[in-house]
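Peer 1: Below, each chain spelled out in residue letters.
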Amino acid sequence: MTHEFLGYLRPDGSAGTRNRLLVISILGLTGGPARRIARQVPGALLIEMPYGRGQFGEDRAMMRRMLAGLGRNPNAGGVMLVGADRLRLDAVAEAIAPSGKPLEAIALDDVHEDALALSDRGLRLAAAMARDISRARRVPLPASLLRLGIECGHSDATSGLGANPLAGLVADRVVDAGGVAVIGETMEWLGAEHVLAARAATPEVGRAIVEAVAQREAWAAASGEDLTGNNPGQENIRGGLSSIEEKSLGAIAKGGSRPVQGVVPHAAPLPGPGLWVMQGPAFSPPSITGFVAAGCNMLIFTTGPGNSYCDALAPTVKVTVNPKTAQRLTQQIDFDGSGLMLGTREPEEAADALFAQLLDHAGGTRCWGEVLDEGGYAFARLGADF
Amino acid sequence: MSARWDLLAIDAQDDVAVALRDLPDGVARVRAGEAVLPLSLRGAVPLGHKVARRDLPRGTPIRKYGAVIGEAIADIAAGEHVHVHNMRSLRARRKEEP
Chain A
21 MTHEFLGYLR PDGSAGTRNR LLVISILGLT GGPARRIARQ VPGALLIEMP
71 YGRGQFGEDR AMMRRMLAGL GRNPNAGGVM LVGADRLRLD AVAEAIAPSG
121 KPLEAIALDD VHEDALALSD RGLRLAAAMA RDISRARRVP LPASLLRLGI
171 ECGHSDATSG LGANPLAGLV ADRVVDAGGV AVIGETMEWL GAEHVLAARA
221 ATPEVGRAIV EAVAQREAWA AASGEDLTGN NPGQENIRGG LSSIEEKSLG
271 AIAKGGSRPV QGVVPHAAPL PGPGLWVMQG PAFSPPSITG FVAAGCNMLI
321 FTTGPGNSYC DALAPTVKVT VNPKTAQRLT QQIDFDGSGL MLGTREPEEA
371 ADALFAQLLD HAGGTRCWGE VLDEGGYAFA RLGADF
Chain B
24 MSARWDLLAI DAQDDVAVAL RDLPDGVARV RAGEAVLPLS LRGAVPLGHK
74 VARRDLPRGT PIRKYGAVIG EAIADIAAGE HVHVHNMRSL RARRKEEP
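Chains as they are written, first to last, in the working numbering: chain A, 21 to 406; chain B, 24 to 121.
In short, the hints are calculated from the structure, not lab data. Since this is a predicted model, take the numbers as computed values, not measurements. Heads up, the beta-carbon is just placed ideally off N, CA and C, and yes, glycines get one too. Take these hints with a grain of salt, some might be off.
[What the hints assert, rightly or not] In silico contact screen, one side only, chain B against chain A (beta carbon under 7 Å); selected entries: (1) Arg27; (2) Ala90; (3) His106; (4) Val107.
[Said to hold, decoys possible] Take a look, some chain A residues computed to stay more than 10 Å from chain B by CB distance: (5) His23; (6) Pro70; (7) Gly120; (8) Arg157; (9) Thr222; (10) Glu245; (11) Glu265; (12) Gly383.
Just need the whole structure built from these sequences, with the hints factored in.
Peer 2: Now the structure itself:
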């Protein structure tokens with residue numbers, strides 16, 4: 021059976037599940053004009069990078085990957101970049117240009133540092149682009165064009181038991197259809213890295229997985245933290261988790277069971293089909309922004325007691341199997357899998373239903389987080405500023 | 024629809040099954056793969072907690088999710104609650120121990 025969704029086919033062959041005009045302030049100095057522009061073009065999505073100078077090394081490289089990756093994301097039908105100096109602005113624009121989408125880049129330099137003049141210029145350009153990108157039409161596209169990021173946030177005993185394995189079954193379906201799936205939150209592989217490594221497509225990938233965890237553990241040790249010393253914590257233990265291995269196996273269950281193709285750095289493009297793991301932070305907002313910068317056009321977000329956070333650019337399908345949560349949070353939970361906990365629903369049937377709903381949301385049906393405008397983004401950092 | 028099973032073996036071969044709700048002692052039903060199997064619980068088990076599906080002598084590796092989550096540090100009988108009192112991580116550094 022061929023699975024399809026209605027999406028926007030982009031010039032680079034990727035698929036948008038939404039068609040947003042992105043207005044990106046590429047550094048902390050240009051939030052004002054970017055906000056003015058985005059506010060005056062209904063439907064525009066504003067992204068403000070609060071940093072942009074004084075960064076170095078991998079921290080700077082990561083910031084550039086995030087800016088370029090968000091711009092390239094197929095859910096952005098057009099992009100307006102707002103910056104201060106031409107040099108930095110053009111570097112970001114050049115990284116986005118291969119996507120072939122409408123792109124404008126305006127700089128304070130060009131208007132003699134006059135932020136109001138920049139706002140006026142930007143508004144005219146953004147208005148034209150908004151009209152231009154509205155010509156895009158949804159067409160039936162194969163599920164192989166799905167790029168799915170899978171996150172869990174605010175877990176409870178039902179997460180590792182039901183919600184994450186359910187998400188994993190959907191990840192398997194996406195991968196089997198020829199699509200891309202990715203999980204991150206490197207710290208949550210701790211104790212289960214050998215299991216992920218055993219599923220690696222090559223021995224090199226297996227070593228990279230183990231090294232990614234060792235690196236995080238070393239960072240933590242350098243700050244005086246012992247990640248295995250008091251982990252699982254008291255709340256985890258009350259919930260029934262007895263070891264770090266068990267906790268992490270419950271977390272990585274959301275990635276499913278297919279071979280791991282590789283470890284990608286935070287916010288780096290996903291190089292091809294299959295399951296990938298992203299070396300990244302555990303907190304949901306920066307973790308998810310990493311997925312979206314990597315090109316994800318859909319997200320599944322599992323939760324135990326509930327978690328309203330969603331991404332601004334990629335539709336975020338909220339999943340719980342906790343019966344109380346599903347009953348209580350009727351305008352937050354998109355997919356109620358509580359039959360898995362009640363012992364009334366077959367796991368494979370639930371996964372088919374969630375996969376079908378994922379395709380439906382990809383085709384335009386709004387998730388609760390979109391209806392309620394919960395969407396956010398967050399830029400991860402590594403290290404100090406100059 | 025009423026419940027058809029009470030505990031879940033996430034992988035059909037797992038040594039432990041997880042309680043899907045707070046369970047009293049007595050015979051309960053374990054979903055493992057396509058099968059639903061009876062298991063006599065030795066005491067009440069809270070939601071999310073594990074029960075041994077078979078006898079697990081001290082030193083036995085304990086499998087859940089089809090992978091080892093630790094080892095038995097006491098003899099555990101089938102139907103017994105498995106938790107930090109009778110199993111331990113193989114991964115965690117146990118600095119306090121000699």
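Peer 1: Look at each hint and say if it fits the structure.
Peer 2: Right, here's what the structure says about each hint:
1. Arg27: With Cβ-Cβ at 5 Å, under 7 Å, it holds.
2. Ala90: For B:Ala90, the interface hint holds, since the closest Cβ of chain A sits about 5 Å away, which is under 7 Å.
3. His106: Cβ of B:His106 sits 5 Å from chain A, so the hint holds.
4. Val107: Holds, because the Cβ-Cβ distance from B:Val107 to chain A comes to roughly 5 Å (cut-off 7 Å).
5. His23: holds (25 Å)
6. Pro70: About 37 Å separates A:Pro70 from the closest Cβ of chain B, which puts it past 10 Å; holds.
7. Gly120: holds (43 Å)
8. Arg157: At roughly 42 Å from the nearest Cβ of chain B, A:Arg157 sits farther out than 10 Å, so the non-interface label holds.
9. Thr222: holds (20 Å)
10. Glu245: Consistent with the label, A:Glu245 stays out of reach of chain B, its closest Cβ about 13 Å off (over 10 Å).
11. Glu265: A:Glu265 not clear of chain B: closest Cβ-Cβ about 4 Å, inside 10 Å.
12. Gly383: Its Cβ never comes within 10 Å of chain B, the nearest being 30 Å, so this holds.
Figure legend: structure checked against the earlier numbered hints; the only hint not met is number 11.
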